[in-house]
Amino acid sequence: MLKFLEMGGYAWYVWPSYALMLIVAAINIVAARGALRDAQREARARLARARPREHS
Amino acid sequence: MAWVWLHRFGSPPYFYRVARRLVPWFAWPALLLCLGGLIGGLVFAPPDFRQGEGFRIIYVHAPAAWLSLMTYVVMALSAAVGLIWRMNVAHAVAASCPKIGASFTAVALATGMLWGRPMWGTFWVWDPRLTSELLLLFLYLSYIALRSAFDDVARADRASAVLAIVGVIDVPIIHYSVIWWNSLHQAPSVLRFGAPTIAPSMLYPLLMMLVGFTCFFAAVMLTRARAELLRRERTAQWIVEALDADQGGPSRGGGRTEQSAASAW
Amino acid sequence: MTTARNPALPASAATRSLSAAAWALVQRDLRIALRRSGDTLQPVGFFVVVTTLFPLGLDPQVSLLRDIAPAALWVGALLASLLALDLLFREDAQDGTLEQLALCGVPFTGLMIAKTAVHWMLTGLPLVLVAPLLAGTLGAPAGALPAILLALLLGTVSLSFIGAIGAGLTMGVKRSGSLLALVVLPLAVPVLIFGARATEQAIAGESSSAALYLLGAMAVLTATLSPWAVGAAVRIGLE
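Protein chains in written order, with the numbering used here: chain A, 1 to 56; chain B, 1 to 265; chain C, 1 to 239.
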């Protein structure tokens with residue numbers, strides 16, 4: 001296990017690379033979903049302003 | 001026949017619906033493939049003859065670089081389609097790409113630096129591939145900056161489309177730079193004519209990562225594209241029905257947040 | 001959306017041909033630019049001042065100057081080109097001339113070439129003319145001069161055409177100074193790289209033909225493709 005973590009001495013280069021990839025991938029996911037949620041919220045607000053709803 | 005398909009996809013409500021359904025079909029394979037690729041690459045692939053365990057950075061570096069190039073091409077193509085045929089859907093796709101592309105270009109550069117330090121002895125060298133990849137990052141950033149400089153979304157779409165098309169010339173330069181010039185960076189071992197020059201036990205995890213990342217890109221891009229489309233369509237009628245469907249049923253006064261199974265991603 | 005017709009523009013059907021219209025445009029732009037020669041020659045002045053500051057600021061060992069001469073020349077050329085880009089479209093867009101040009105029935109792309117040519121005449125050409133002087137102050141040997149001049153000639157043409165794209169795209173944006181630079185610089189870097197390389201090889205006495213050929217290719221490429229992009233960008237900006 002320790003040998004695995006050490007990566008033949010390259011640990012300080014290999015593991016930060018993988019960590020960076022995971023972090024960036026996670027940020028992409030979170031940002032995209034957030035963008036969609038924001039856009040949906042804005043769209044609802046715009047629609048409510050443009051056509052006042054009957055049941056609101 | 002292809003035109004019918006293109007026109008159907010060009011319809012915003014159709015794209016919005018289909019994108020929502022497609023995202024899980026890209027997201028889960030992305031997860032599985034990347035997991036498999038990581039395990040295969042970290043555990044099962046044997047250490048490299050010259051580089052030892054250090055070569056395993058390739059399983060992050062190469063997919064990130066691939067993604068940086070592919071994203072730009074997708075961005076430029078959809079920008080061109082949007083410019084020529086004036087399709088909001090195409091512009092929405094183009095608008096969703098740059099942040100994804102820029103982030104993975106940065107990852108490619110950073111992991112490349114981390115790989116170069118032990119192997120070449122230096123973090124950076126101004127050789128053709130590294131320089132042109134850095135240029136790609138600047139192109140993405142200037143695209144994002146140009147977009148945000150316009151208040152009107154339609155003008156932003158068209159102006160940035162011109163920029164994307166002009167900049168696409170960097171992509172073949174990046175790919176062929178290691179062939180055209182004496183570069184420190186190694187020549188292509190997978191994306192080339194003829195058989196790959198890399199051992200199968202190392203190759204298969206790499207291919208899994210490449211395909212997995214591509215699926216990841218598709219999932220993220222489609223999600224962002226849905227958001228961009230909503231912003232462009234203003235108060236079109238189809239949005240009412242689409243938002244209702246997002247909430248999993250007829251609108252209940254706008255109080256509930258999006259929770260349905262359709263948004264598992 | 002009509003504004004007062006600019007009397008300097010081709011007004012009659014007889015001048016509908018592209019070459020006549022382009023020539024008229026070139027003359028008009030040059031006349032306007034030279035009327036305000038202070039503004040127009042500022043970039044060149046800037047180039048000269050910056051490039052002569054390097055020898056003053058550094059320990060005047062000739063060898064070190066020779067090392068930085070390529071970089072100094074080319075960064076200076078790039079900055080000078082950038083500085084003059086704003087003038088290319090902004091005023092004409094504001095007073096409605098650009099719309100008239102777009103509407104007057106002459107191929108717009110050809111008029112864009114004319115405008116870019118004027119920009120080059122006001123920045124690239126003076127640079128090339130002043131370059132022997134500057135190369136001398138930077139310690140470049142006389143034998144390197146032809147190659148340096150050719151490189152600057154080809155490079156500045158490319159820079160003008162590339163810059164015009166950026167100017168067209170940022171035309172409608174307020175306070176677009178840094179945005180313009182951000183858009184133009186990635187596209188201009190290849191010119192910078194090969195121009196500096198050609199200069200460096202020339203100063204060292206080596207053959208710079210490879211770099212010069214590439215610069216020539218870039219000049220041809222940008223001159224043929226950029227007018228389309230500039231025309232498209234300007235039309236978008238005029239909407």
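If you're looking for bench data, these hints aren't it; they were derived computationally from the structure.
Just so it is clear, CB atoms sit at the ideal spot from N, CA and C, and this is done for glycine as well.
Hints are not guaranteed to be accurate.
Quick list of simulated restraints, FRET-style, between CB atoms [said to hold, decoys possible]:
1. Gly52/B - Gly57/C: 40 to 50 Å
2. Ser19/C - Pro172/B: 14 to 24 Å
3. Ala217/C - Val73/B: 16 to 26 Å
4. Val50/C - Ser11/B: 24 to 34 Å
Cross-check of the supplied hints:
Hint check: glycine 52/B to glycine 57/C, Cβ distance near 47 Å, so the stated range 40 to 50 Å holds. Between serine 19/C and proline 172/B the CB atoms are about 35 Å apart, so this pair departs from the stated range of 14 to 24 Å. The hinted window of 16 to 26 Å between alanine 217/C and valine 73/B holds, with their beta carbons roughly 23 Å apart. For valine 50/C paired with serine 11/B, a C-beta distance near 55 Å fails the hint of 24 to 34 Å.
Consistency note: the structure conflicts with the earlier hints numbered 2, 4.
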